[in-house]
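Could you put together the complete structure from these sequences and hints?
Protein sequence lines correspond, in order, to chains A and B. Numbers 1 to 112, taken from this note's numbering, label the letters of the first sequence in order. Numbers 1 to 111, taken from this note's numbering, label the letters of the second sequence in order.
Since the hints were made in silico from the structure, they are not lab data. We put the beta carbon where it would ideally sit given N, CA and C, even for glycine. The hints are all genuine.
Dumping the calculated DSSO-like pairs for lysine-lysine here, alpha-carbon to alpha-carbon at most 27 Å:
(1) A:Lys15 to A:Lys44
(2) A:Lys11 to B:Lys36
(3) A:Lys62 to B:Lys98
(4) B:Lys106 to B:Lys57
(5) B:Lys70 to A:Lys44
(6) A:Lys44 to B:Lys51
(7) A:Lys44 to A:Lys11
(8) B:Lys98 to A:Lys44
(9) A:Lys44 to B:Lys36
(10) B:Lys98 to A:Lys78
(11) B:Lys98 to A:Lys71
(12) A:Lys44 to B:Lys106
(13) A:Lys83 to B:Lys98
Some chain A residues close to chain B (C-beta under 8 Å, calculated; not the full set):
(14) Val55
(15) Asp56
(16) Tyr101
(17) Gly104
(18) Ser105
(19) Gly106
Derived Cβ-Cβ restraints for the label pairs, each shown as a range:
(20) B:Met5 to A:Trp22: 31 to 39 Å
(21) A:Gly98 to B:Gly53: 17 to 25 Å
(22) A:Gln50 to B:Glu67: 29 to 37 Å
(23) A:Glu85 to B:Arg60: 36 to 44 Å
(24) B:Gly41 to A:Asn99: 15 to 23 Å
(25) B:Glu67 to A:Ala20: 44 to 52 Å
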Amino acid sequence: EAGVAQSPRYKIIEKRQSVAFWCNPISGHATLYWYQQILGQGPKLLIQFQNNGVVDDSQLPKDRFSAERLKGVDSTLKIQPAKLEDSAVYLCASSSLGNGYTFGSGTRLTVV
Amino acid sequence: GQQVMQIPQYQHVQEGEDFTTYCNSSTTLSNIQWYKQRPGGHPVFLIQLVKSGEVKKQKRLTFQFGEAKKNSSLHITATQTTDVGTYFCAGSLWGYQKVTFGTGTKLQVIP
Numbered sequence: 001e002a003g004v005a006q007s008p009r010y011k012i013i014e015k016r017q018s019v020a021f022w023c024n025p026i027s028g029h030a031t032l033y034w035y036q037q038i039l040g041q042g043p044k045l046l047i048q049f050q051n052n053g054v055v056d057d058s059q060l061p062k063d064r065f066s067a068e069r070l071k072g073v074d075s076t077l078k079i080q081p082a083k084l085e086d087s088a089v090y091l092c093a094s095s096s097l098g099n100g101y102t103f104g105s106g107t108r109l110t111v112v
Numbered sequence: 001g002q003q004v005m006q007i008p009q010y011q012h013v014q015e016g017e018d019f020t021t022y023c024n025s026s027t028t029l030s031n032i033q034w035y036k037q038r039p040g041g042h043p044v045f046l047i048q049l050v051k052s053g054e055v056k057k058q059k060r061l062t063f064q065f066g067e068a069k070k071n072s073s074l075h076i077t078a079t080q081t082t083d084v085g086t087y088f089c090a091g092s093l094w095g096y097q098k099v100t101f102g103t104g105t106k107l108q109v110i111p
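In structure tokens, the structure reads:
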């Protein structure tokens with residue numbers, strides 16, 4: 001089966017600019033997650049979708065981050081405006097309920 | 001909030017030696033998952049434990065879930081250079097939602 005697709009792989013932007021990441025999960029996986037992984041740390045959950053509804057976004061900085069999952073398939077994560085501390089790898093993962101997560105290759109964001 | 005700590009943070013071993021990483025949660029978990037992340041890569045799912053005291057094996061890897069469901073361990077027998085990477089545990093309080101990743105243990109294997 002195809003894996004979780006993410007794009008772009010790398011992005012460099014200046015602070016205060018905006019950026020968007022895209023994720024296409026494994027077909028049939030109802031649950032989609034966005035994680036932020038800062039270098040040397042474990043992944044931190046930003047938002048979890050079940051189909052196209054939000055299950056948990058308690059750690060999403062809502063003043064600058066937004067995410068949507070239209071039609072319960074693809075998802076986009078947006079940052080506007082970006083800050084230096086947003087430099088990280090943004091990982092998308094999907095799962096079917098009760099199973100482990102399949103992660104995409106991630107988007108490495110550098111904010112300068 | 002829920003905290004999941006792992007020890008040690010780093011471990012260097014000679015090839016052929018054994019390795020163990022420990023995962024401790026501040027709260028009782030519903031289940032625990034283990035992931036491996038190679039340098040420059042993304043986390044890859046290894047296994048999930050659900051029952052109290054559960055032990056599962058995958059070739060040279062042995063995973064254990066504590067009786068109180070607050071801790072877990074991963075033991076690798078006779079490490080190989082292909083075992084290099086960071087091992088994360090990830091636990092959930094409620095069903096399979098809101099999984100919190102641990103701090104990770106970075107394993108370096110010296111040939």
